[in-house]
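Participant: The primary structure of each chain is shown beneath.
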Amino acid sequence: MALRVNDLRVHYRTLKGEVKALDGVTFEVGDGEILGLAGESGCGKTTLGKSLIRMDGRMRHAGGTAELDGAELPIGDDRAMDRFRFREVSIIPQYAMSAMNPTRKIGRMVDELLRARGAEPDGAELRRRLDLVELPHTVLERYPIELSGGMKQRMVMVISTLLDPSLLIADEITSALDVSTQKAVARTLTEFRERGFVRSMVFITHDISLTYQIADTIMVMYAGKLAEKAPADTIVTRPRHPYTRLLISSLPEVGVRYSDRRLSGIPGSPPALLDPPAGCRFRDRCPLAFDRCAEEPPAVEVAPGHHVSCWRS
Amino acid sequence: MNREALHFAVRNGKLLVGLAVLLPLLALALLGPALAEGDPNAYVGTPAQAPSGEYWFGTTMFGQDVFAQFVYGLRVTFLVGLLGGGLAALIGMAVGFTAGYRGGLVDEVLNMLTNIVLVLPALAVLLVVNAYLGVRSVSVQALFIGLTSWPWAARAIRAQTFSLRSRDFVDLARLSGVRTWKIITREIAPNMSSYLFMTFILLFGGSVLIAASLDFIGLGPTQGVSLGLMLNNAARWSALHLGMWWWFIPPGAGITVIVGALYVMNVGLDEVFNPRLREL
Amino acid sequence: MRRYFGRKLLVYGLTFLVAVTVNWMIPRFMPGDPVQSMIARANVSQPAAVEAMRAHYTSLFGFDLPLWKQYANFWAALFRGDLGISVWLFPTPVTDVIVRAVPYTLALLVPAILLSWWAGNRFGAFAARRRWLENTALPVGYVLTATPYMWLAILMAWGLGVVAGIFPVAGGYGFALRPGWSAEFLGSLALHWVLPFLSLFLVAFGGWAIGMRNMIIYELEADYANYLAALGAPRRLIRRYAFRNAVLPQITGLALQLGVLVAGALVTEIVFSYPGLGHLILQAIQNQDFFLLQGTFLFIVVGVLIANFVIDVVYVLVDPRIRTGMGGEAA
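Protein chains in written order, with our numbering: chain A, 1 to 313; chain B, 1001 to 1280; chain C, 2001 to 2331.
Among the hints, erroneous ones may be present.
[Unchecked claim] Chain A is nowhere near these chain C residues, computed Cβ spacing over 12 Å in every case:
(1) 2089
(2) 2191
(3) 2221
(4) 2230
(5) 2233
(6) 2248
(7) 2283
(8) 2298
[To be verified] If you want a taste of the chain C side facing chain A, the calculated C-beta under 10 Å gives, among others:
(9) 2050
(10) 2051
(11) 2131
(12) 2135
(13) 2218
(14) 2222
(15) 2224
(16) 2225
(17) 2229
(18) 2231
(19) 2234
(20) 2240
(21) 2241
(22) 2244
(23) 2319
(24) 2320
Hints were generated in silico from the structure; no laboratory data involved. Since the structure is predicted, the reported quantities are computational estimates derived from the model, not experimental observations. Cβ coordinates follow ideal geometry from the N, Cα and C atoms, glycine included.
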């Protein structure tokens, strides 16, 4: 197993108290696997992605572990994480459009970054990868502002994977792009995996239909918890969790994305995570809820590789 | 101000320190003249007396009460800041909103005007203008300060307006046929009210400093007293060489403390309204 | 880039036009006959000075001429370098009086501006996000930047000059000396320069340090800084980038602050009776020498415009976004 996450809890410090954005999630990502991470905004998927590489100042590691290739990631320790960043775990951020220093030529920035990490810049390899994403070599002599949005996106993809990390986190990287570009980005990511630039990947998105195109496994999260995790086909064709079912059925059709608003198909909204209610968190919106849901449902492996947290599954 | 901002405001050290310094001085400026009655320029005591129980800040070399002058001077300082800073804020808002919202040729012309006034060194202009004025009063001084110190505010407000103008709620208002000035006053200005307030604070401080410089050079109000004039008199009558520190320390300290408190308050407000700067 | 400089030069040209026009117009706002009231107010005892003033004002205002002609004459005189005759130092031409004072002002202003900018930025960047420094040094910075220039100058003159007796507090050089290249004169020049320089430097330093500290905090929160941190880049690299990016708005800030800095130099010179433009202005006001005042005004405006242009050039050299023609209106 490349990544093994065990009961990971990450809280957000706010004025009113700690928001339990990620409240005990356990899962694994295999070697060479692409895990699609889906759910409404606020379900904890971005928190999960961030905590695997760099938590922001308001996040606190409240418990649980994450193990990468057998070594435990020091999630709460910003300094100790540096050793893993870029080399073992890397990220393509949401903000790829503004991820590069605007006042450095791209080539120079990459060079300085690599040297600062103690890696000898390999110009030939860099250019090979630029070819792969169809960027002209001259981009290295340009400033970020001179590149189009799509070019910046591809450039960041190349930079992030330059040291062949074991795990790549792609956080909502397609939400700013149009449909055809989204598909191209998804194809590139799969190609990166095939060529061994990255071993496994966590692909975070709102868009289940896009996830379906590239992910081997899809994990659906709800209110800081795992709802269902299964091979992509299974999630789309035979979902077991009522939330996943509603999520899938609320998609107009595969290929049409829904935007970051609350699902119109599911009435109600997720519970506040400041002080989440006991029991199943989907209970209030669930058409199938019954007495037992007052008790928290554990994630059960109902079929090989298919985990569901629901008493009805 | 919404509740979240208020929550941070009452916990923001910088804001509180600024207010704690400013409010007593304001109270002194408002009430002080009642304490120190009479003409602050009257010759009341023995000349060149060091601070004592009778004259808290001592007397000038002509026997004027420095404390009385200080208290009246504070009042003038606040007045100049309020009038000059207020006028500059109004002009800055008018120019900034119009340029940012209308765009196009109007923007070009206003931008050009802004840049011209911006590069003109304000104090130099004020020197020439004031030198020709036979009789100078605090309000005329504030008027000219306001007329010369608005450009950076106009530019900042223009940029903010520019980014607000394409927002949904502004589009909606525009589509429903709301008139331009109404959109500006109802939709745009309230959305940057905190920013406008901070701009005013900085303009207030700037006006105080410019007025003090003018007074010091000898182009202050022809009648009355101000902190800058006190410095001017102290320097002119060699308070330095005579060691009459009580004559030149209070007025300068008054200006410094007022302006410094304003600046610190401004940073505090920035932290209150700008979540990214909040420290946790 | 051509467009960038074109626009800048247009603004500077127009500014100069406005400054000259203001200079020409202001005397006209005075009620009554400006020539008469000017002479009456000038209160000049020397008959020769009165005659010179009358002649100059009449040729300047030329009331029998149409307005446009008066205006044109004013410009023509300006291009001949004729700014009138000083009343205070009658009969020296104003231009000569000013040219003699300018080196003193520049010697104060240029080092004070450059050094305070450099040191303030360095210090502000260093203090940012270092808690103990932010809590101790920044309040000092706020006090410094809120201090009126003349007051700090007075305090320094009093503390280091009158009380401690380390530095002289008046003049540009010892009264007994004659300007020349002797070591004695140069030493005295340097000694007289220290306090005015230091008080200008300190006030400006506080402002730059605070500006830089606030700017760099924004930069450290910027997306590129987060990305670099996520890739494990050392803090040193991130801070270096943040510093460089934060310096750009500080360069623009320098252009914006020029007027304030010049004003600071003027009042500082007055405190120290330093023989620069500030001293001239004080004399001009006390002696009702309007030619001298207006001439000094024009000199200051031209100086500020030149400095602005220099800053524009520097900005283009350091900000790639303007060079590549995609930065739009950045300054």
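Participant: None of the hints should be skipped; say for each whether it holds.
Facilitator: Status of the hints after comparison with the structure:
1. Non-interface call for residue 2089 of chain C relative to chain A: holds, since the shortest CB-CB distance, roughly 51 Å, exceeds 12 Å.
2. At roughly 43 Å from the closest C-beta of chain A, the C-beta of residue 2191 of chain C stays outside 12 Å, upholding its exclusion from the interface.
3. Its beta-carbon lying about 9 Å from the closest one in chain A, residue 2221 of chain C breaks the requirement of being farther than 12 Å from that chain.
4. Annotated as non-interface, residue 2230 of chain C brings its C-beta within 12 Å of a C-beta of chain A; the closest such distance is 4 Å.
5. Listed as outside the interface, residue 2233 of chain C is inconsistent with that label: its C-beta sits roughly 5 Å from the nearest C-beta of chain A, within the 12 Å cut-off.
6. Here residue 2248 of chain C does not stay apart from chain A, with its beta-carbon only about 7 Å from theirs, under the 12 Å limit.
7. Chain A leaves residue 2283 of chain C outside its interface by the beta-carbon criterion, the shortest separation being 47 Å against a cut-off of 12 Å.
8. The Cβ of residue 2298 of chain C lies farther than 12 Å from every Cβ of chain A, with a closest approach of about 38 Å, so its non-interface assignment holds.
9. This hint is violated: residue 2050 of chain C has a C-beta 61 Å from the nearest C-beta of chain A, more than the 10 Å allowed.
10. Annotation: interface hint on residue 2051 of chain C violated; nearest CB of chain A at approximately 62 Å, more than 10 Å.
11. Evaluation of the residue 2131 of chain C hint against chain A yields a violated restraint, the C-beta minimum of about 14 Å exceeding 10 Å.
12. For residue 2135 of chain C, the interface hint is violated, since its Cβ never comes within 10 Å of a Cβ in chain A; the closest pair sits about 19 Å apart.
13. A cut of 10 Å between beta carbons decides the hint on residue 2218 of chain C: the least distance to chain A is about 13 Å, and the hint is violated.
14. Hint status for residue 2222 of chain C relative to chain A: holds, with the closest Cβ pair at about 7 Å, below 10 Å.
15. The restraint placing residue 2224 of chain C at the interface with chain A holds, with a minimum CB-CB distance near 5 Å, inside the 10 Å limit.
16. With a least beta-carbon distance of about 8 Å to chain A, the hint placing residue 2225 of chain C at the interface is held under the 10 Å criterion.
17. Checking residue 2229 of chain C against chain A: minimum C-beta separation of about 6 Å stays under 10 Å; hint holds.
18. Look at residue 2231 of chain C: its Cβ gets to within about 4 Å of chain A, closer than 10 Å, so that hint holds up.
19. Restraint check, residue 2234 of chain C versus chain A: the minimum CB separation of about 5 Å is within 10 Å; hint holds.
20. Interface restraint check for residue 2240 of chain C: the shortest CB-CB distance to chain A comes to about 9 Å, inside 10 Å, so the restraint holds.
21. Interface restraint check: residue 2241 of chain C against chain A, minimum CB-CB distance 5 Å, threshold 10 Å, status holds.
22. The beta carbon of residue 2244 of chain C comes within 6 Å of a beta carbon in chain A, closer than 10 Å, and the hint placing it at the interface holds.
23. Hint status for residue 2319 of chain C relative to chain A: holds, with the closest Cβ pair at about 7 Å, below 10 Å.
24. Taken as an interface hint, residue 2320 of chain C checks out: its beta carbon lies about 5 Å from the nearest beta carbon of chain A, inside 10 Å.
Of the numbered hints given earlier, the model fails hints 3, 4, 5, 6, 9, 10, 11, 12 and 13; all others are met.
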